[in-house]
Amino acid sequence: MSAKKKQAAEVAEPVIVRQADFPVGIDVYPLDEERRGWADWYDRDVEPEFAALAEARVWLVRIFVSWKYFEPQVGQYDEEAAGRLDAIMDAARSHDLKVLVSLFADDRLAEMTDVPWGKRRDPRTDDYLIQREVSLAQRIVNRYRAEPVVWGWELANEAFCTGFTSEADLERWTATLRDAVREVDSEHPILLGVDPETLFRTTGVDPRAAIDLNEYAISHVTAPYRVYAAEGPVTSGPATYLDGFLLRAAARDLPVIVDGVGVQSLDFSLSEEAAAVRTSLYSALMNGASGVMVRRYRDLETEKREPYFRDPFEVLVGVADIEGEPKPSLGEIKRFARVVARIDRRRYQSAPECVGVLIPAERYESLPSLAGLYGPRACLQSYIGAKEAHLPVDVLREGDELGAYHALFVPSAMKLGATTWHEIASFVQGGGSIVVSYGGGDTDPAVREIFGVEFLGDHGVRRTVSCRVAQPGALGDLRSFDARLKLPHFALLGHGGATVVATDATGSPLLTVNQYGQGKAVFIATPIERALAQGDPWAAPLVVRDLLRTVYGSVARAAGAGPIVDCDTPEVEVAVFMGEEDDIVVVLNHAPEAVTATLSVERMVAGVADARGGQLTEVGGKVFGVPLSANGASALRLTYT
Amino acid sequence: MTKRSSQVLMAEGLARTEQVTAAVEACYDALAVDDSEPVAHCLLAHLLLEGDFYDEAIAEATKAIELDPDCSPAYLALGLAYDRRGGMWDQSVLVWHELAEVVPDLVTAHVQLGEAFGAAQFEEEAIDSWKCALELDPKEPRAIYNLAIAALKREGMATALPGFRKAGELDPSQDDLFFALLGIKSVSDRPVDPAKVREDRSSRLGAAALAARADDLFVTAELVRMVLDEDPDDADALALAAFAYLKQEATNEAMACALRAIALKPDLATALYTLGVVYSRRAGLSKHAARVFIVFTRAASQHALAHVLLAESLLGLQRYGQAKKAYRVAIRLDPACVRARFGLAAVHLTEGLHAEADWEVRRAAYYDTRRQGSFWRLYDHYSEGGAS
Numbered sequence: 001m002s003a004k005k006k007q008a009a010e011v012a013e014p015v016i017v018r019q020a021d022f023p024v025g026i027d028v029y030p031l032d033e034e035r036r037g038w039a040d041w042y043d044r045d046v047e048p049e050f051a052a053l054a055e056a057r058v059w060l061v062r063i064f065v066s067w068k069y070f071e072p073q074v075g076q077y078d079e080e081a082a083g084r085l086d087a088i089m090d091a092a093r094s095h096d097l098k099v100l101v102s103l104f105a106d107d108r109l110a111e112m113t114d115v116p117w118g119k120r121r122d123p124r125t126d127d128y129l130i131q132r133e134v135s136l137a138q139r140i141v142n143r144y145r146a147e148p149v150v151w152g153w154e155l156a157n158e159a160f161c162t163g164f165t166s167e168a169d170l171e172r173w174t175a176t177l178r179d180a181v182r183e184v185d186s187e188h189p190i191l192l193g194v195d196p197e198t199l200f201r202t203t204g205v206d207p208r209a210a211i212d213l214n215e216y217a218i219s220h221v222t223a224p225y226r227v228y229a230a231e232g233p234v235t236s237g238p239a240t241y242l243d244g245f246l247l248r249a250a251a252r253d254l255p256v257i258v259d260g261v262g263v264q265s266l267d268f269s270l271s272e273e274a275a276a277v278r279t280s281l282y283s284a285l286m287n288g289a290s291g292v293m294v295r296r297y298r299d300l301e302t303e304k305r306e307p308y309f310r311d312p313f314e315v316l317v318g319v320a321d322i323e324g325e326p327k328p329s330l331g332e333i334k335r336f337a338r339v340v341a342r343i344d345r346r347r348y349q350s351a352p353e354c355v356g357v358l359i360p361a362e363r364y365e366s367l368p369s370l371a372g373l374y375g376p377r378a379c380l381q382s383y384i385g386a387k388e389a390h391l392p393v394d395v396l397r398e399g400d401e402l403g404a405y406h407a408l409f410v411p412s413a414m415k416l417g418a419t420t421w422h423e424i425a426s427f428v429q430g431g432g433s434i435v436v437s438y439g440g441g442d443t444d445p446a447v448r449e450i451f452g453v454e455f456l457g458d459h460g461v462r463r464t465v466s467c468r469v470a471q472p473g474a475l476g477d478l479r480s481f482d483a484r485l486k487l488p489h490f491a492l493l494g495h496g497g498a499t500v501v502a503t504d505a506t507g508s509p510l511l512t513v514n515q516y517g518q519g520k521a522v523f524i525a526t527p528i529e530r531a532l533a534q535g536d537p538w539a540a541p542l543v544v545r546d547l548l549r550t551v552y553g554s555v556a557r558a559a560g561a562g563p564i565v566d567c568d569t570p571e572v573e574v575a576v577f578m579g580e581e582d583d584i585v586v587v588l589n590h591a592p593e594a595v596t597a598t599l600s601v602e603r604m605v606a607g608v609a610d611a612r613g614g615q616l617t618e619v620g621g622k623v624f625g626v627p628l629s630a631n632g633a634s635a636l637r638l639t640y641t
Numbered sequence: 001m002t003k004r005s006s007q008v009l010m011a012e013g014l015a016r017t018e019q020v021t022a023a024v025e026a027c028y029d030a031l032a033v034d035d036s037e038p039v040a041h042c043l044l045a046h047l048l049l050e051g052d053f054y055d056e057a058i059a060e061a062t063k064a065i066e067l068d069p070d071c072s073p074a075y076l077a078l079g080l081a082y083d084r085r086g087g088m089w090d091q092s093v094l095v096w097h098e099l100a101e102v103v104p105d106l107v108t109a110h111v112q113l114g115e116a117f118g119a120a121q122f123e124e125e126a127i128d129s130w131k132c133a134l135e136l137d138p139k140e141p142r143a144i145y146n147l148a149i150a151a152l153k154r155e156g157m158a159t160a161l162p163g164f165r166k167a168g169e170l171d172p173s174q175d176d177l178f179f180a181l182l183g184i185k186s187v188s189d190r191p192v193d194p195a196k197v198r199e200d201r202s203s204r205l206g207a208a209a210l211a212a213r214a215d216d217l218f219v220t221a222e223l224v225r226m227v228l229d230e231d232p233d234d235a236d237a238l239a240l241a242a243f244a245y246l247k248q249e250a251t252n253e254a255m256a257c258a259l260r261a262i263a264l265k266p267d268l269a270t271a272l273y274t275l276g277v278v279y280s281r282r283a284g285l286s287k288h289a290a291r292v293f294i295v296f297t298r299a300a301s302q303h304a305l306a307h308v309l310l311a312e313s314l315l316g317l318q319r320y321g322q323a324k325k326a327y328r329v330a331i332r333l334d335p336a337c338v339r340a341r342f343g344l345a346a347v348h349l350t351e352g353l354h355a356e357a358d359w360e361v362r363r364a365a366y367y368d369t370r371r372q373g374s375f376w377r378l379y380d381h382y383s384e385g386g387a388s
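Quick note, the sequences are listed as chains A and B, same order.
Numbered continuously in our numbering, the first sequence closes out at residue 641.
Numbered continuously in our numbering, the second sequence closes out at residue 388.
Bound conformation, chain A alone (with noise of 0.2 Å):
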């Protein structure tokens, strides 16, 4: 078909509006006011609200029950609530909304699980309380499950479950609450509203158990695991990639859907909170998402004092102000909407990641262990020199199975576990290819075996990272520098067979490589990201980036897992969707400046359109430029000759 004939073509497809297998949703909150009262439980007409939703397309709104609202004392239902609970439903109805119900939710305003007569018992571990959850969560669920409106029923959301102090008591309160709602409707999705990352980080308690309970999990960045893993501007740097992170650590077997787009604090421009809201959504769309949910209609009315603090559960900032006047953010998600409208998923499908950072299993140990304090830190900024050098990556844990994967990286583990050593043996014998980073203390014996290099002993603590090339192209386009890091570790290293492609500025070796089997494993004798993690991220020097970009690159690309579509702009990722005969290319700028990024094909391109149905331009090259505004985001719809 000509290029001329595929755009007459697009032209007369239907115009999607709303795409239902990428639900694009928002919180709505039953408070906008501080000084307004438990009783005050959605008590405004919601039409207006969910007009401009349905204007700006987003096709799933989130509610929130309150379990004080309706049931104020034992047994007793207040009728007041259910008919305010089917008057937002019917208003969702009239703007052909979907409605995802949350059933047992804290907001830290609106006292939605502070039941009176609960007598100070734990909701979460009491039988009693429980099963009076149950009972409500049964009729809510029979009142609406024949409802078309209803998308699916949310058990509970991170703030709830914060309160919980084991695995157990979470594991059995889902499957309590989950059979609940299955006895009375098995049609619905379920899902617990809990990030299996950030909930660990807050509370110590590991909820995937729980979580591979239900239909759909959930990836989000809460306030705190923000400052714990990316504490600075939001529309630069770590902070921008987080999201992707987080959802790629989130999924295993379920789809995963990203939740909390936005701006956790008030602090923040309109155009940063846009830009943070592009950059979320857009992450989420590149990096396997099933859908997004943003993170409030309206902004919180706060009450006149100051300094204001909130225990941020975060659900200050929406994409509407205090008057309800649309926000740039708003259009941000308006024209995302019409780009995933018209990613049809059963038309296009995203390219397999074959490289994955691993998350070694100390990131669950606790202090005084401080593995589990850095291991997500020096994850992430794996992650981001992955992202740097366009690979298609993935976030994997150990244990999980490796035969997916065609490299991997291990960064600055302190230790792994002796049957993941055999793994990886296995693994790289295969044909994988590995990087590992010392990540400090004795190595293991396999070490040895898989990496040729001979551990002597940790050198300690080092201001300057020193790179001294020795084999020019072993490992990509290296160059010698000297640049100021501070360096937690350094592996003295002897000759067991590797080659050295690098030293420090003594000559001992700060990058290896080893034939090992069918495949390739590199050592680095320093936790290089642990040392981008810990010092300043935003201001890391360029020289120790370009390293680790260039080291995974080239590992990755000699491995056959190198990128679909290469990009001279390392800040700029790229996510491409396959189709039968054209490919969708989302393109997204980390950065806070305007760049023109600069993408390279394998196949030759006829042409270039706007995913969202624009003039096609034709290209008749493998190389094309994309301009990008400051955090700027393209689809793009490639044809090939």
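For the record, the hints were derived by calculation from the structure and aren't laboratory data.
Owing to the predicted nature of the structure, the values given are computational and were not obtained by experimental measurement.
Beta carbons: idealized from backbone N, C-alpha and C, even for Gly.
Among the clues, some could well be false.
Claimed, not checked - Simulated restraints, written as ranges between beta carbons of each label pair: (1) B:Ser36 to A:Pro472: 58 to 66 Å; (2) B:Lys131 to A:Leu266: 24 to 32 Å; (3) B:Lys185 to A:Glu593: 34 to 42 Å.
Stated by the list, open to error - From the derived model, a few chain A residues whose C-beta atoms are all more than 10 Å from chain B: (4) Pro72; (5) Glu231; (6) Glu272; (7) Gly507.
We have chain A already, so just place chain B on it with the hints.
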């Protein structure tokens, strides 16, 4: 003296030598023996703070204060953890207020209190705190910069620039830059005796530079004069003479010497530096300063402060976009450069990027407080039995 267990003493030793992992384990060993030991919690808070694990540091510092409300190093760790974490300004204000009362001569407490007030939108109280810090130490750079930023927010760049200039002039690292260009890192212990200097150009210039480093400008002048007597067109000697004049506030003479040196050797970094600094201090010559510093940054591209000097001259010309680029280069080269952080914050404010500006100010505090090492001073005093 506060009694400390052997485990705490071990943890202390490890912490002082930056063996963080082992030190944390030793703290836990100490707490396993006696979890009511405030120094152990306090030390642990410090170690966790050093690792940027703020929530954990807050928890440990709070425990230490609960166990001993006079534990001043725990207040310091707690306040720093709140500030570095962000978003907890009201708690931060309370902690710094408390510490400023317990240790009234701790300048950092007043500076941090001011920043916490500022972040919480209490501008007047913030300014009072910074002024209080300057009463204790008139050269406290962060207090001066913060006052300049406050002036920028209220009245614009014209009012803020004198503050930035003043802080720049007080910055000792600017002299370090000049001497780094000459390859001199530290002040020599032994004074230079001109009579013992070998009678060749190289030895005289080297000795003159060492004398200048030690602020012995008479000896510098004498040695430079000897070199110039033999060769009046010695650019290096002229540049050193220019610097010596600059240190004595003789800007016309400094300018003349630097210009002559540049005429002889156009890319001589030391002369470019001196000329740029002279221009930047003279009203109406900012434009010339920027031009000189552009050339200077090429000659000294790996020195963060060179880019800061360029950025500051551009700031004076209201060329904010270019200033921003120069500040960013400086921060890439030295993330701990407080001067660049505050300058970049000022640029962000002119662009309306308040969150970015706040971040740079917080980052400046982060590096400055790490550099100061106040924790160990308070810790040692507390361990020796002093409440503060």
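Verification of the supplied hints:
1. B:Ser36 to A:Pro472: 58 to 66 Å: holds (60 Å)
2. B:Lys131 to A:Leu266: 24 to 32 Å: For Lys131 of chain B and Leu266 of chain A the Cβ distance comes to about 29 Å; the hint holds.
3. B:Lys185 to A:Glu593: 34 to 42 Å: Holds, at about 36 Å.
4. Pro72: holds (34 Å)
5. Glu231: violated (7 Å)
6. Glu272: Glu272 of chain A is in fact no farther than 10 Å from some Cβ atom of chain B, at 6 Å.
7. Gly507: holds (23 Å)
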